[in-house]
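Novice: These are the residues of each chain, in order.
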Amino acid sequence: MPSNPSPSNSCRFEGCTLTGALSVTTSVCDSISVVHGPSGCAHHNFSLLHTTGIDNDRITFPRLVSSGMQDAEIVFGGEEALERAIRSAVSDNASVIYVLSTCIAETIGDDVKAVCSRDWGVPVIPIPTAGFLGGSFQKGVNNALLAVAGSAPISSQGVRLPGLVNIIGEKNLEFEVEENYREVVRLLSLLGLRVNLRFVHRIRADEIARLGSASFNILRDEDLGVIGEELSRRFGTPAVTSFPAGFSGTLKFLETAAGIYGADPAEAIAKERQVQEFLIRDFADIAGLAISADHLVDGSSCNLAVREITGLLDMEVVRDGARVPIPPVPPVGTTGIKRMLHRWRRAVHA
Amino acid sequence: MPANRIMMKQIALYGKGGIGKSTTSANLSAALSLQGYDVLQIGCDPKRDSTRMLMHGNFIPTVMDLVRERGEAQLRKEDVVHNGFNGVRCVEAGGPEPGVGCAGRGIIATFQILEKFGALSGDVIVYDVLGDVVCGGFAMPMREGYAQEIYLVTSGELMSLYAANNICKAIKRLSSRVKSTCRLAGVICNARNMPREEELVAEFALRVNSSLVEFIPRDRIVQLAELNKQTVIEYAQESSQALHYRSLAACVIKNTNLTIPSPLEIDALESLALEFM
Chain A
1 MPSNPSPSNS
11 CRFEGCTLTG
21 ALSVTTSVCD
31 SISVVHGPSG
41 CAHHNFSLLH
51 TTGIDNDRIT
61 FPRLVSSGMQ
71 DAEIVFGGEE
81 ALERAIRSAV
91 SDNASVIYVL
101 STCIAETIGD
111 DVKAVCSRDW
121 GVPVIPIPTA
131 GFLGGSFQKG
141 VNNALLAVAG
151 SAPISSQGVR
161 LPGLVNIIGE
171 KNLEFEVEEN
181 YREVVRLLSL
191 LGLRVNLRFV
201 HRIRADEIAR
211 LGSASFNILR
221 DEDLGVIGEE
231 LSRRFGTPAV
241 TSFPAGFSGT
251 LKFLETAAGI
261 YGADPAEAIA
271 KERQVQEFLI
281 RDFADIAGLA
291 ISADHLVDGS
301 SCNLAVREIT
311 GLLDMEVVRD
321 GARVPIPPVP
331 PVGTTGIKRM
341 LHRWRRAVHA
Chain B
1 MPANRIMMKQ
11 IALYGKGGIG
21 KSTTSANLSA
31 ALSLQGYDVL
41 QIGCDPKRDS
51 TRMLMHGNFI
61 PTVMDLVRER
71 GEAQLRKEDV
81 VHNGFNGVRC
91 VEAGGPEPGV
101 GCAGRGIIAT
111 FQILEKFGAL
121 SGDVIVYDVL
131 GDVVCGGFAM
141 PMREGYAQEI
151 YLVTSGELMS
161 LYAANNICKA
171 IKRLSSRVKS
181 TCRLAGVICN
191 ARNMPREEEL
201 VAEFALRVNS
211 SLVEFIPRDR
221 IVQLAELNKQ
231 TVIEYAQESS
241 QALHYRSLAA
251 CVIKNTNLTI
261 PSPLEIDALE
271 SLALEFM
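As you go down the protein sequences, you meet chains A and B in turn.
Going by the working numbering, 94 is the number at position 94 of the first sequence; the sequence numbering is gapless.
Going by the working numbering, 38 is the number at position 38 of the second sequence; the sequence numbering is gapless.
Don't read these hints as lab results, they were simulated from the structure.
Among the hints, erroneous ones may be present.
These stretches of chain B come out as covered by chain A in the derived footprint (C-beta under 8 angstroms, 3 or more residues) [said to hold, decoys possible]: (1) 60 to 68; (2) 89 to 102.
If you anchor each label on the Cβ, the simulated ranges turn out as follows [said to hold, decoys possible]: (3) E97(B) <-> N93(A): 28 to 36 angstroms; (4) P238(A) <-> G17(B): 51 to 59 angstroms; (5) V226(A) <-> N166(B): 36 to 44 angstroms; (6) R234(A) <-> D79(B): 50 to 58 angstroms.
To give an idea of the interface, some chain A residues facing chain B are shown, with a C-beta separation under 10 angstroms as derived from the structure [said to hold, decoys possible]: (7) D71; (8) A72; (9) E73; (10) V75; (11) G78; (12) E79; (13) E83; (14) T107; (15) I108; (16) D110.
Where a beta carbon is used, it is the ideal one built from N, C-alpha and C, also for glycine.
I would like the entire structure built from these sequences, with the hints used as guidance.
Specialist: And the structure:
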């Protein structure tokens with residue numbers, strides 16, 4: 001994830017549609033993702049996914065196959081090369097194969113859907129991921145989630161299990177993806193709720209069938225609105241639109257989740273408020289400091305969460321204050337704020 | 001042999017599909033060869049039939065087919081360059097079947113391979129390019145280092161003039177680039193025997209800032225020659241039709257009237273066609 005999210009350089013956030021989709025599909029552990037394009041498209045994504053995985057203590061190799069398009073495939077069409085790559089994935093015992101297109105494959109008009117629709121013996125699911133069509137990293141994530149969701153049986157509608165929640169669209173490449181997940185699990189436990197499925201984070205293909213079984217969904221962030229709507233349409237499952245950001249956002253999250261589930265949030269909110277008050281007292285040593293946080297974007301959810309904390313700690317945000325690290329995305333839950341304040345303390349005392 | 005060797009001329013023939021570019025190109029190449037020039041004709045169309053009459057009806061293996069079958073590393077110059085009528089060297093770029101792949105990339109790849117082999121040599125290179133300049137690949141022959149002289153092949157029919165006018169737009173755009181040497185060299189009327197056709201095409205040529213370099217009437221000898229798998233130049237060397245191709249060849253060699261075209265607006269083009277109805 002970007003460490004210096006300068007608002008003047010927003011193109012950093014647009015990214016590659018293919019990479020976004022692969023961040024989802026490679027998290028279906030027994031799947032293989034076929035990248036239909038030149039080998040470089042697979043190579044640099046393999047490197048990125050592998051190194052990001054190591055950063056998050058996952059020493060696994062993303063299962064990618066490239067169709068290895070070269071000049072002859074561009075001139076004569078790449079569908080035969082794609083067939084070879086899919087055959088290779090089938091022989092490698094994939095439970096499901098995701099076929100992701102690239103800019104060049106879609107430019108020359110290869111009919112990826114038609115190749116995928118043949119009888120391969122295992123599901124072969126095409127995902128459109130040509131970035132030149134105006135897509136972004138997020139578009140790739142969304143396209144992949146929609147395609148993977150399409151393989152979940154509708155028959156699971158109507159067998160929703162009480163107390164179970166789906167986590168939708170975790171940012172698999174973000175630093176602290178596991179910590180953020182654990183924080184949401186902790187908050188849900190205050191309401192007596194458990195996670196049904198992490199859609200999609202380190203799951204098996206057969207687990208996708210459980211997608212329609214949850215009482216409600218929790219989206220990682222609001223960019224996944226289209227996924228929430230699709231799951232609501234397919235399974236009738238309502239959604240909380242984002243992970244919690246900031247202290248008040250966390251309390252609001254508990255209230256919203258309880259409201260959707262039909263539970264009383266009072267006890268959970270009271271407990272969490274106590275945790276937050278204890279946290280503020282615990283960081284009294286850095287209260288009242290002047291800090292510099294010059295790349296906070298006005299009105300952003302990250303800004304709101306950070307400003308809330310600086311207010312509670314009587315801090316002043318000034319141009320030449322103590323430089324403290326501002327996270328690129330809002331800290332998740334009370335624990336996310338706690339980790340941020342630990343970093344601030346280290347920076348102040350360094 | 002011509003009295004004086006000339007600087008290598010690279011010319012390209014563009015025009016609407018089916019207008020007779022390949023017939024004109026093959027006869028032009030044959031006529032030039034009979035005038036003693038060393039000629040290379042390159043068919044830049046996946047249909048691969050540009051040089052067929054020069055090769056006595058044979059389809060030569062295309063550069064792209066050979067790359068696909070053997071791989072570029074295994075290719076030699078003699079695999080892709082074939083000697084046809086009177087020593088005219090023939091190359092077909094080839095390309096994908098209709099509906100798949102990218103034919104334009106095939107043209108670019110062919111040019112890169114011919115460059116690598118040093119095959120782009122001789123007194124005259126004739127590039128015979130498919131109908132419209134549909135993408136950058138089919139503009140390749142107009143780019144720097146290749147054809148500097150573009151000839152439009154057209155009849156007096158509106159759609160044919162429309163295509164020729166579109167090609168003028170491409171030439172104008174390319175000629176505005178720094179170092180570009182691509183220019184419009186003239187208009188060839190491959191007639192449909194419409195009334196006042198020569199006048200119309202001559203006027204069109206003037207309006208786009210060029211000139212009519214040859215009027216080739218419609219003659220069944222062209223079909224007869226093709227049924228005998230020959231160019232008109234070979235099949236009926238003394239025919240009046242062959243005289244037109246020889247006249248065109250002489251004009252191409254002497255032509256120094258290279259211009260940046262001024263394409264017409266569609267209304268102006270239609271009004272022009274109406275004037276000669």
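Novice: All hints, please: hold or fail.
Specialist: So, going through the hints one by one against the coordinates:
1. Here the region 60 to 68 of chain B counts 3 residues with a CB under 8 angstroms from a CB of chain A, which clears the bar of 3, and the coverage holds.
2. Under a criterion of three residues with beta carbons nearer than 8 angstroms to beta carbons of chain A, the stated coverage of the region 89 to 102 of chain B is upheld, 6 such residues being counted.
3. At about 34 angstroms, the beta-carbon gap between E97(B) and N93(A) stays in the expected band of 28 to 36 angstroms.
4. Roughly 58 angstroms separates the CB atoms of P238(A) and G17(B), a value that falls within the hinted 51 to 59 angstroms.
5. In this structure the hint that V226(A) and N166(B) lie 36 to 44 angstroms apart at CB holds, the actual value being about 41 angstroms.
6. For the hinted restraint 50 to 58 angstroms between R234(A) and D79(B), the CB-CB distance of approximately 57 angstroms keeps it satisfied.
7. A cut of 10 angstroms between beta carbons decides the hint on D71(A): the least distance to chain B is about 5 angstroms, and the hint holds.
8. Given hint, A72(A) at the interface with chain B, holds; its Cβ is 5 angstroms from that chain's nearest Cβ, closer than 10 angstroms.
9. Interface hint status for E73(A): upheld, as the beta-carbon distance to the closest one in chain B is roughly 8 angstroms, under 10 angstroms.
10. A least Cβ separation of about 4 angstroms between V75(A) and chain B falls short of the 10 angstroms threshold, and the interface hint therefore holds.
11. The interface hint given for G78(A) holds, since its Cβ lies 8 angstroms from the closest Cβ of chain B, which is under the 10 angstroms cut-off.
12. Hint on E79(A) holds. Least Cβ distance to chain B is approximately 7 angstroms, under the 10 angstroms limit.
13. Hint on E83(A) is violated. Least Cβ distance to chain B is approximately 13 angstroms, over the 10 angstroms limit.
14. For the restraint placing T107(A) at the interface with chain B, the shortest Cβ-Cβ distance is roughly 7 angstroms, inside the 10 angstroms limit, so the hint holds.
15. Restraint check, I108(A) versus chain B: the minimum CB separation of about 4 angstroms is within 10 angstroms; hint holds.
16. Here the hint on D110(A) is kept, as its CB sits about 8 angstroms from the closest CB of chain B, short of 10 angstroms.
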